[in-house]
Amino acid sequence: METIALTIDGKKISSHTGTSIFEAARQSGIIIPNLCYHPELKPFGACRMCLVEDENTGRLMASCVTPVEPDMVVQTASKRVVKHRQNIVRLMIAEHPESCIVCSKGNRCRLRWIAAQLGIGETNLYHMPNYKPYEEANPFIIRDLSKCILCGKCIRADHELVVVGAIDYSHRGFQSRPATVHETGLEGSSCTFCGTCVSMCPTGALSTKNTYYVGTPEHETNSICGFCSVGCSLAVGTSSEKVIEVNPAHLPGSVNGATLCVRGHFAHDFLNSRQRLITPLIRKNETQGQNGLVPVEWGEALELVANRLIHIRTKYGPQSIAFLGSTKCTNEENYLFQKLARASIGTNNVDNGGYCSGQKNTHVIFDNMGGAYRTSRIADLENAEAIVVLGADPCHSVPVFSYYLKRAAKQGTPLIVVDPRHTELVDFASMWLRPKLNTDLELINALAAVLHDEKWHDLAYIDKFTKGFRDFRKSLKMLDLGRVSRLTGIDRNGLTEVVESLKDKKIVFVVGRGILLQKNAMQIVGAIYNLSLLTGSIGVKGGGVYFLAKENNQIGAFDMGTFPDMLPGRQTLGDENNRKNWERKWNVSLSRNPGLNMVRMVEAAERGKLKALYVMGENILRSLPQTERVRQALSKVDFLVVQDILYNETTQLAHVVLPGAAFSEKQGSFTNLEGRIQPFDPVTRPPGKAKPDWEIIDILQAKLEQTEAYGDLEKIRMEIRQHVPAYASLNGKRQTWIQERSEMDFSNGADSEGSVKFIPVASIKPESNDSDYPMSAIIGSMRYHLGSGTRSAVSKRIQGVDQEGRLEISYQDSITLKVKDGDKVTVTSRCGSLTRGVRIGKSLSAGHIFVPLGFNGNDAMNLLALSDYTEPDTPGWNTCRVKVKRV
Amino acid sequence: MHPPEIELNELDGIIERHKNGKWELIPLLQDVQATYGYIPPESITPIAEALNLYPSQVQGVVTFYSGFSLKPKGKYVCRVCRGTACHVKGSRSILRLMKRELELEEGETSPDYRFTLETVACLGACFLAPTMMINRDYFGKLSPTKLSSVLGEYRQKGNNKNG
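So the protein sequences, as listed, match chains A and B. The first sequence maps to residues 1 to 887 in our numbering. The second sequence maps to residues 1001 to 1163 in our numbering.
No wet-lab data here; the hints were simulated from the structure. One or more of the hints may lead you astray.
[What the hints assert, rightly or not] Within a straight-line C-alpha distance of at most 20 Å, the following computed DMTMM-like cross-link-like pairs (lysine to aspartate or glutamate) qualify: (1) A:Lys410 with B:Glu1042; (2) A:Lys410 with B:Glu1049; (3) A:Lys842 with B:Glu1042.
Pulled out of the complex, with its shape left as it was, chain B reads as follows (with noise of 0.2 Å):
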């Protein structure tokens, strides 16, 4: 399966929108990772001649901040936290777990664009150990049937919403 098109036209309007500031190019990078749910590689030489900068600069700051990505994801992204004390709550099994029921590894983007498989370093919500995020949404205290439930409901939320 093809990643899901994309159109190209909206990133004039969200170069428009940040050309003349300062300090504008994450802001920027933002709003066409919002838009896009990633960095379209090819937005790379606009975006770069926008705000007077060289391509290459701009591909460095992609590619530093994990937070962008040059790839196109799934809808929902799952990240597992790894920190040490979801570590110690388990994490690695939580980790193992979404692998094997998402058929993923880390990193990973289903065929059908619909999951990601993410871990990252810590989420910050360590009282809530073992944590994970999917998109914006924070699931804490996870325990395997916990995690069924959670993968249970994006799975049909996907399904309804794509018929």
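Just chain A, same shape as in the assembly (with noise of 0.2 Å):
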């Protein structure tokens, strides 16, 4: 890159080929008037407004599009400027409506901003107002395009970084504008309502639906997004205490940089939802009050809790109490909460909500590799080599990181979509593999099978960091290529195909749901593993394995040891020496029963075992199987204490409720799915009585030890640095990523030689045919809600979509089944059913239904089991069997 010397405003910079007049007078300092520029948005030119006039030439151009040239000497606000400026800005006030009192973006809005620092105020020009379309049928997005100055940037986003494509200009001159396909409403396009566009307008043509008034917000404060894994940086408004907008926080080098989802954007309206925990409850007599449960004082509240837990364990000793932490609790209260079950109590009885998404599974790769390796950075997607997507929907699940996939492909970057279901991304792909239901691990064994075979295997890396490799191969050879092919329905070519599409190439995986909850995904996710060595993929740039993960904090969960068998730093507990190591850290004896998980905790106290049972943060009869069990089995605990922050199904049963704070009203961290810690202060105090959940647990802590209280959040988190070292960076001021352990350094590769090893092939047993339940059901998440939707099915915006959640059919089962789009079908699987109206879709093929997850009080759990998954021979919580019928 050369050096180019130039004059700005008199002052004498230099910049380098290829930067625009207007960036390089940015980097020195000098702001040029703009309405069509973002930082992330390539360059434009469209709204005039940062013309500058040149000296030599007396050309006037637009700095944004115009490159630095040697000796240009350039004015930025000369006479002639200026007056050329105010001229377009008079031009487009001419042509807005005169609304500016009643315009959601008051203050905010960048055209009258400009105009104020030109001085105009009235134009002296005949007003021409330009009636568009004025559109509000979608609950989320208000268009008035009578206000559009046709910067293009909501067009540009939605191109550029969402790609999504629902909008570009419409017809031309006077006529122009947004527009949809058909120009339709919003809703009946491919918008996904990710509110991108609403944040970057720079005038009130695009602005958020509220379901009241709520005007611009008092102040803005940055957090962290309390939904997905992907932990976007917010820049939350608010008045009066209240949240009453969610933007994306403009730092940099968060994760979601200007995007958001529908999600964060929109379903933030449950923080100030009726429903609403405001004060402890207790259960005084079935008679009382909500249930029983009669508001209570903290004081009485906790040492009612105290007493019990206390009174449960001497008489029926410390098993016999269970806790559930929470995937969307903060570090710290995670850390403490483990704490208070093992140190405190003396149970392992400790498991978190990520139970229900097959966080475990992904532990394989962690334990293989010895805990290296773990953190894969978003941002290194778009310098992938090749990406293969197994299992996993993330335009839904994880839409902000799904951004970074399809931007990825769009550069070219050779895209393979695995999975039974057409998803969105397919689209996108440049490839895609549909095997039967089930089936990957026999399909992902001979992909690396015919890799080996075609010899494209990465020796070099093999040889110097695998072991095991020989015993490996061998079992390759075994792998019966015809018996694969008649598994998954694809045969050989189509896997030559992909793996030539794949040779030389470091390939990142990325997993989701559909691997995570199958029955064998263990084994899956070993043979992703094996074949990511095979390739040299793990510990290199442009390769590496994303779980995505569904819940903000379900990584720091895990790493907090909100797991039975895993003290924290993913530590085994049954390793004498850890053990020892948090004995003396925490100067009590622990236990050595390994403790029981999610689902055993509700069988136990299915079986009269569990008396007592603590839930923070999860509603579990809404998150598992067979609510209807769950429910009996709740009802059989002595004593049910649940703290959360919304009045739920859980709640209902609970004989102490505690009302906590959501993410929003505390100090805390969240560790997002690619390692990232991320601290973030409250934004505005907890409703009524609510406390911080941290505070909560410190408050019991000290009550059930008789010890002094932290009090203090830095105090946990200084905890947590000197005793978990993966969080040894973990501070209140900025973001920080998981440290690695340094010993298995791939990038020397001197002392790691055959440090990780081969897992042997393994194979499965074909499903067999169930004649009385022909057809398959696929349950997985759309993007309106997050996992079981008890948050998200509160906020009044989301409650505007589709509140059914209809199931999609085939076009050949609608036809079998005589239904049409709309019609009822009542869906039965050996565990339960569930009735909702279909839609007719192109994403399935015949003999398969989808059901999303988190609609209608989640009932698409209804169909599953509750059996443990990580058990052989017990059927994974991604599919089941059931038989359909019109109703």
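Got two chains here, separate frames each, mind docking them using the hints?
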């Protein structure tokens, strides 16, 4: 790059070829007025606000699209330039409706701001309003295109950042406007309501729709999104201690940049829900108040919890008590919570809601790699050589992550999607493999076998870093590819085609719930790991495995040890040394009993073995299968404590309800799916008497142990920093990353020879046909709800979309079943049934039905069996056999 | 009367011909327009998929050029020139006459889909002012009498072909 010297506003500056005058000026502190510029979008030159004058030639040019040239002498605010700018603004205002007083953009309107800067009040021009459609049929976005200044930010954000393409310019001249295909409303287009365009719109042409008038926020505070595991940075707008608006926070290096998704932008309504818990409740008498729950003071509630827990421990022993932590609570809270269970009560019966998303199965790689190379940065996806997406629907489950995948694909990175459904991502894929349900294990093994057959494996990498390759290749050779083709429905040519496109490339694997909840999940993750080693893709740039965790602190909850046989820092409880270590740190003796996971807790309750259960931030009556069975089991528990933010299905059964605080009302940190630890501070106070969850556990722990409480989050953080090496950098100031163990350094490879091991090839038994239940239901998420939807379902605006969560069926099945769009069907499995409307879609092949999670009280889980899916011979939670009948 | 029925199967062939080239969108749209007389809105999505564009982008191009139309047009598209030279030579009267003769306003198509009346900024045949085009044929130095005879001819043509 050549250095170029030029003068801007009399200041001599140097810049590089290809830099625009606008950027060059900005870098030296000269801000040129603009309306269509955005640092994350390509320059566009639509608004002409950034006009500057070249003194040498007298030319006026849009500085954002004009590259610097040697010896230019540029004036950014000369009389002539200002006059032109003023005229452009006058013309824009002459066309603009005079509705500022009720415009929701209010004082944040960039047009008004620029007009004020240029001293334009009355335009003295003939007013020529340009009436265009006003649209508000959808629950999220109001489009008032008469206020549109055609800067194209919405269109460019849609194309360049979110990669959806729902809108583009239509018509020209005075008629031109951003439009959807066939000029339908946004609800009839491919728009995903991510709201990125709304945050970018400089005027009131695009604004958020609210269920009531909220005005402009008084304050804006940064926070981290409370929904999925991407962990987007938010700018939360508040008025009188109430969250009224959410926008992406423009922080350098944040995951999301200028983007968000529909949940992040619009589903935070739950914070103001009337279902928020605002006072501790205890069950005094079945006839009183809400279900017998009566409001009490904190002192009384916590005293009761402490006394009852001590009583039950004395009477039935510590193993009769269980603790369920939360993937939505902070690292600090989960650390305290498991410490409460292990140290104060003396049980390892502690799990978190991440069980429901198969988080445990990701551990195969963690164990085999010895915990190294855990962080896979999302930003690296755009530099990947090839991406393979397995059993994941990121456009719905982790939308902001999917933007990276789609951008990579648009740039030409080979993207291979392996999924029985035609997901939205398939439209961007270079190749789509559609294996039969639950045959991914065979497929991945076969890919490894073909790759090895063709001798395209990375021998240098294998020699240097791995062991067990000889045995592994032997077992690969044993693989009967004919059988694989029969099982998966993908023939040898199909496999070869895939392998060819992966030849000599490092591969990024993106693994979703379709894999992690399969009954062979552990083996499949093992196969993915083998294939990664075979292609030399772990621990190198451009490769890696990304597990799409469901909830925002799923990773953190595991790291903090809210998991039965794993101590903080993911140290196995079974290891004598680890246990000793923690006993010393906490100055207690720890139980050797491996503890119960979430499902085992319910089973123990069912058998009457579990006497007390403390649930923090999980609504298990909504997230677990077979709701009725879980309800029965929980009613047998002598003492049920539920600490949550919303009055929900599980709080109804509780003996004590403790009102916690949502993420925006407390201090803490979340760890996202890439291993980024993101601390945050409160935006508002918790409602009513509610307290931050860490404070509640802290007080309770002090009561139980008769010691002093931490009282300060920093003290908890300090303890985590000291005791959990991966979190040594956790502090309240800035984002950090999980600290990797350094002994396995693939970059020099000197002392890591043969340190990682191939896993022997495993095989599956094909699923037998079940003539009573001839169809298969695929259970997955849709973008409007996260997980079981406890929070999103009480969000007013989310309630405005298809409440029922229509099932999708294929066209062929619609004919066999004689149903049309909107008809109701009953889906029955061996465990339960549900009735919903159907929609005929193109994503499924015949014999399959798609059931979206989160809707309708999350009744989708009723189809599944409540059994431990990590045990052999149990059904997974991703699919199940069903029969479908028209109502 | 409904617009003439169209068979969309020809679309596949057109798309196939243009699929792999570079900058093929406009030639493709021209072919579609030549085949159907307009761009059927339902063809936007298949075209976009074949060319790896967003449907909204294809629509943007279609609506940008006045040469493309998303609505069916008449068999004979009359374009009256409203350029400066023609204006001086009385094109306003020519347009008024056309409107009266065809009983159409600018941009409208007759219910029997025989005529469409449009205006253009300039046909580039100023030496023949006032001018108009019907489909691909120029008619210059128009006068009310000449106009009637030209229209008469086209009416005749249409009648003959339609039986």
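Evaluation of the provided hints:
The hinted pair formed by Lys410 of chain A and Glu1042 of chain B fails the criterion: a straight-line CA distance of about 25 Å is larger than 20 Å. Note on Lys410 of chain A and Glu1049 of chain B: the hinted pairing holds, with a Cα-Cα distance of about 14 Å set against a maximum of 20 Å. Our distance criterion of 20 Å between C-alpha atoms is met by Lys842 of chain A and Glu1042 of chain B, whose separation comes to about 17 Å.
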